[in-house]
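So the protein sequences, as listed, match chains A and B. First residue of the first sequence? That's 1 in my numbering, and the numbers climb one at a time after it. First residue of the second sequence? That's 1 in my numbering, and the numbers climb one at a time after it.
These aren't lab readings, by the way, just hints derived from the structure by calculation. On a predicted model such as this, the values are computed, not experimentally measured, just so you know. Treat the hints with caution; some may be incorrect.
Which chain A residues face chain B? A few, computed with CB under 7 Å, are given here [said to hold, decoys possible]: (1) Arg2; (2) Ala8; (3) Lys10.
Chain A regions said to be covered by chain B (calculated; three or more residues, Cβ under 8 Å) [what the hints assert, rightly or not]: (4) 13-20; (5) 91-100.
Where a beta carbon is used, it is the ideal one built from N, C-alpha and C, also for glycine.
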Amino acid sequence: MRGLFAIARKELSIFFTTTIAYAGLGAYAFLMGLVFVSSLNQYQQRTAIFLSQQQPQMLERLNFNDAILTPMFSTGVWMFLFFVPFLTMRLLAEEKNQNTFELLMTTPISSWQIVLGKFIATWVLILVMSFIPLVFPFILEAYGTTTGTSSAVEWSPVLVSVLMATLMGSSFIALGMLMSSLTDSQIVAALLTFATLLLSYTLPFVANRLEGDWQTVLDYASPLSHVNRAFQGRLLAEDLVYFLSLTLAGLIVTQRVVESNRWR
Amino acid sequence: MIEVRGLTKRYRDNVAIDGLDFSIQPGEVVGFLGPNGAGKSTTMRILTGSMPATSGSAKVAGIDVFDRPMEVKRKIGYLPELPPVYLDMTVQGYLAFVADLKGVPRREKKTEVDRVALEAGVDHVLNRLIRNVSKGYRQRVGMAQALLGDPTVLIMDEPTVGLDPIQIQQVRELLLRIGEDDRRTVLLSTHILSEVKAVCQRIIMVARGHIVADAPIAELEREAPLEEVFARLAVS
Chain A
1 MRGLFAIARK ELSIFFTTTI AYAGLGAYAF LMGLVFVSSL NQYQQRTAIF LSQQQPQMLE
61 RLNFNDAILT PMFSTGVWMF LFFVPFLTMR LLAEEKNQNT FELLMTTPIS SWQIVLGKFI
121 ATWVLILVMS FIPLVFPFIL EAYGTTTGTS SAVEWSPVLV SVLMATLMGS SFIALGMLMS
181 SLTDSQIVAA LLTFATLLLS YTLPFVANRL EGDWQTVLDY ASPLSHVNRA FQGRLLAEDL
241 VYFLSLTLAG LIVTQRVVES NRWR
Chain B
1 MIEVRGLTKR YRDNVAIDGL DFSIQPGEVV GFLGPNGAGK STTMRILTGS MPATSGSAKV
61 AGIDVFDRPM EVKRKIGYLP ELPPVYLDMT VQGYLAFVAD LKGVPRREKK TEVDRVALEA
121 GVDHVLNRLI RNVSKGYRQR VGMAQALLGD PTVLIMDEPT VGLDPIQIQQ VRELLLRIGE
181 DDRRTVLLST HILSEVKAVC QRIIMVARGH IVADAPIAEL EREAPLEEVF ARLAVS
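Excised from the complex, chain B in its bound form (with noise of 0.2 Å):
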């Protein structure tokens, strides 16, 4: 579903990613690991259209980001490091200009919007204004947005970074049910690790621009706990 080979980009004389290469099989929920600054927003930034690459090919649903970047926008469905909503806007209002730019049939907007309110758990505040609900929400504002058109591919960006443990706990359900459904795909970056346990079935390491680690949970816990794992590795 998810095709990189020799992602590379360079900002100046800095380099974010070095030739990344790897695959992602449909109905796949993959964790994409690693300290801060390894590359993987700049990962996601590219595989959503928002970013060029330097060089390299990454292909979504077999069609070329670089190529046909409006077809690959219509497939993916992407939650962004910090939720990309407008604040003096209401939840409704928001999701339905979304649907809009994702151009969602009109007739189904409707019933869209509340399909994808309903699944992210923001069905009770769709009237409040965005300014005015807590950052658990924004959060859950922003996956809804990410789920409009029903995308084949989700990519999601440290969906639960600063939100409290209730609020985590909550993010985590979601992601487990998105997850169950076989049709789509998934890819979640994070660094803590108990979230990937929970959600994920294959991990993807990055560390300074490199992968340093590509295999299912189970093979890489064979020898070590995770968390010793991650921190070998972040430092190798």
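Just chain A, same shape as in the assembly (with noise of 0.2 Å):
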């Protein structure tokens, strides 16, 4: 346990001293603060709108977490999509690039150690990246009016998303850090990452064509349907499945992959 804490601790010492963590989570803070404005100016407007018209029955359907929140955190998780493989393409491939893999492979640490120390490390970030976004539907508590009684942001389903958002990213930093540990060159590995989320985002875009049985495993394949139901609200025993079943295959196979150095 000792081992795979000091790696951990390690891997965080390294986000925070070099720039990584503080430009990535700052440009990701901008950008979603950009998205949380332009929402906002979009909610206004149409408020606007209903307004002018004198659409009483529209303006009762229009709440924060249907105009603003939802399509906010749907937007987020491109973000992720960009983010995440900056984030892994350094975990094992620097070590293999810098010699400093040798160190670990020649002190009494488990494989095991190596993967989920390394893991849990960069999951921190993915939790600040995840809890981030929270910060909005507090502005909106705050300064928001409400026709009822009740608040004007309904928690449960940001809650929801803030949870799948986290395991998402679980999946993918997983992901990210066996294509890390697949190559020496850093570049390579982000590259690899990137374009395996990508494709797995066009997923559902592809099923919209098909029908059947297709459309449905390639549906169920995307992490895109998945978290976007979260995102409504709906926290299904079926997605958190689909997010925990693809982080475990990933760090099993990126400890395999580690462990072959001893026996190649």
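With the hints as a guide, dock the two chains, each given alone in a separate frame, to form the complex.
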């Protein structure tokens, strides 16, 4: 256990002594802010239109969750596509490139400790990334007004969204780390991760053109279909299983690849 | 302390080392000599458990390297050819990290890091990023790392390569200090003969994957200067 935490602490300290964490989290927070502001603007425009058209029934249907938060989270998912490869690319590729992999191989720690330690450290960053957008519902809650007695923001869908974003992030880290274990070039690791994720993101668009079983399969294979349900406030066991099994599979294969260095 | 029997490593068609046999007694300081590509690094990697052998056996402190690698790794301090340092860590942070990996007891960690830093002469750069210290210091940080946990066997792969003459002198003095401690067994690979003469009592020489000489330095030098012996054996 100690070796695992030593690895995790070392990774985190490198994330924060270099500019990776600051640049990554800073850029992400800024972009999410932009997304939030533009969703908010659209919301205001719509309210203005409905008011001018005297359509109270439309106004009643308009709420912060559906009109601002769900679109914001859906856009945020695309940020993960760009940010995760940058966080994971150096995890193992850099060790191999800098000869520090030999240090890990010659000290009494197991491959699982190496892989899980690195996973946990990156997961902490993903956790922060998933929680950053929580600022926005708080702003809505503080400044938004509501007609009824309930609060302006419905919190359970928001929490489900954050949870699912974290789980999706975990599966992306596992994938990114696997790619990083296969090469000693960080660029290649980042590109492979990005390409795989991009491919998985486009699956629902392909599925739309298909029918029958293929549509179901492709739809199920894409992380987008799973998170989007969560962003609408639906927490399904199926979606949890999808991300958890992807994470586990990625970690197991990565461990095998790292371990293979001992017998190749 | 180190027992090697019939050790062989093949990469596809290439034979890196072919049936090496040697043993090193506790407290010995042995120079592992040979031209580039003779199989020195390969042997050292196998001994430290970072690479498997194709066939043969190796024991360190009586423990089989292939059967119980974790126990062997606790006994060995290893300095690879290029110091395995993280450029974005401070010297202190790096040594503390390696101490954790080696399982140095938590209570002794601080004193142990200070001890090896002093021994390797990096005690005054502890708070600097490794990125910002010179090559010679990185090499010494690598040495400090190998000394952590007070291993009984030290394996060092060309510790003075790429250093300037003053740094070489300093590293050599460090090696002498390390070798004076009778509890430590040292296997030192190099192709700088003066270094071997200064530090080691015995030489194991390999060329093209075979052992071509294994004797005390004094014995080898009886016939001709070490340089000549080396040149003759390397091409023989």
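We went through each hint and held it up to the structure:
With its C-beta approaching chain B no nearer than about 6 Å, Arg2(A) sits inside the 7 Å limit, and its interface hint holds. With its C-beta approaching chain B no nearer than about 11 Å, Ala8(A) sits outside the 7 Å limit, and its interface hint is violated. Using the Cβ-Cβ criterion of 7 Å, the hint placing Lys10(A) at the interface with chain B is satisfied: the shortest such distance is roughly 5 Å. Only residues whose C-beta sits within less than 8 Å of a C-beta in chain B count toward coverage, and the stretch 13-20 of chain A has 4 of them, enough to reach three; the restraint holds.
Counting residues of the stretch 91-100 of chain A whose CB lies closer than 8 Å to any CB of chain B gives 3, so the stated coverage by that chain holds, three being the minimum.
Checked against the numbered hints above, the structure violates only hint 2.
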